[in-house]
Amino acid sequence: MRRMVLALCLVAHAACLPEVKENCRFLTDPSPPPTLPSDLARLDALLLRRVNETTVASRGLKTLEVWQFRLGFADQVLSILCGKLERARQLAVAGRAAEAGRTYQALLVASQVVQADVAMHLAAQYANAAGQPNGQIAQTLETFEHQMHPVLEAALSEDPRRIERALNESPEAFHRVVECLEQWPAKVEAGAEKAKTAKLVWDLTFLVVATWEAAGELAEIAASRGPPIPPIPALASGGAAAAQFSPAAMAELAEAIRRLVASGALDAGVVVALSNSLGGTAPTSFQMSQAGDPSAPRASPAPSPPPRMTVPDGTAKSGLRHILMRHAFDTMAVNVSKFLRGMGAAEIRALILEAASSRTAAWRIAPNGFLVTEVNLGRAIGTDVDGNIATALKIVAQGDGSVVTAFPLKWPP
Amino acid sequence: MATVTLSFQADEAELRRDLSEKPEAHLAGVLELTFFFMPVQLAIDGVQVLDLRNHPQGHLQLPLLGFCADLNRAVEKIGPGVRVAGELADGGELRFLEEGEKVKVWCTLNDRVTYATRLELVAAARKFRDEVRDWLLKNVPALQTHEHWTKWFPGVSAYPQ
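Protein chains in written order, with the numbering used here: chain A, 1 to 413; chain B, 1 to 161.
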């Protein structure tokens, strides 16, 4: 009886809540999009779909705890996103592709944050309904906001360097969201509710994988390691949700992104940073690995944090002795990558430790259990196998962090 | 129909050096990475895929076990729309991408591109694996007791039929 009264009170309260006004012309007055250059049209369609689907999902936010968020989303966030989308279209129609690209790029990142935000609030609502303490829910949301706020702010500034920096400063931000969304409903025994967030999460992943695909092919991305492989979330209803995000659709989007970067409409740094935003790992070393099929098995995730690296004196086949015998400048070995003249044991050891501790060192695990990374040090450290100047270092280590080999690489590899 | 030639040249001096290091006592990863560097050639319809400025006649020094195992894993994964990329020792990648009935094969070290069918590539990779196995059984017999042997040479490929 008491529960019924409480329910009635809540219904009455909800009825008195301020009305939600979805402030977006594309929702209130939909019309066919203008004729846009085909690659920008693809981004435009993706963004419009996101606006629609995120709005539909937001309508599931019905409780007092998340009502304020829904109001803010419908009135302010939608207004900003849709306003920017409208402006991007105008620029594109006017033939100002570079400016349009900059706005579309900002929207891709901003919509990524907004989509994650709505998904997080849906999960919070379920958690609340399942009786999880409010303090815990608030803390989870607060952590999310803390991580995402700089990314959203940067995106809204439309400054490519700022966006890139913000994404790079939180390299696993979206990955943590995906993890959280996977685990949260399960923790509060609301597994069935996973389906409602799954679509949003798949959309997040879809864009990241597409940018990864694009980044993997971009010769322009010379200053970055290139293609990391984002881990694909294994949500309960992923199969159904994933149907909308076919490999063909992803390949088309990746191709459009590639061309837009090549034409200067999208910024390579932002694309790479976005492609890293699920905290993925690069193709497995010393083995052939797959790319292009998001349903394919991926390389093992990188250990996080990577183990403390050591460079043992070693033997002819492993460790510093092997490295010196095979890759030092004056070694007898021919047709192999070499360190610069004058680099001896101390310099090479220091170089390995510098690269291994670099923030850009993305470790991955080879099938044989070894840890692998390549790090661009931004300065000449030797020559590659074909005599080209090499600025990057590849490191292979055992699982305990003991270095097996390391040698210079051309960048990008 | 493409002619795929995949072969290696035994380097006796390298073999002697490696044998002195007791390869059977090393971890699989070390064996795949730093042992048995031999000149390897991959030619498709006369195109030397591994030909570099510093490596005449298309032969690239590669660790036999690592290259052989990787290549065989890779050709199994070739499929529509899937780019299979493998890293070559000392840098660079060998990539495969199925395009219609053909598989595009290219090496990032020299941007050389050529085509063969998936079946032709699989057949060449399997033949290469048998040759590597036979060479190891003859020259490094102790290696067949290595716990990784049946991973390098899975199923019936573990021993000569």
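Among the clues, some could well be false.
Said to hold, decoys possible - To give a feel for the contact side, a few chain B residues facing chain A, derived at Cβ under 10 angstroms:
hint, residue
1, Leu31
2, Leu109
3, Glu120
No lab work stands behind these hints: they were computed from the structure.
We put the CB at the ideal spot given by N, CA and C, even for glycine.
Enumerated hints in conflict with the structure, sorted upward: 3
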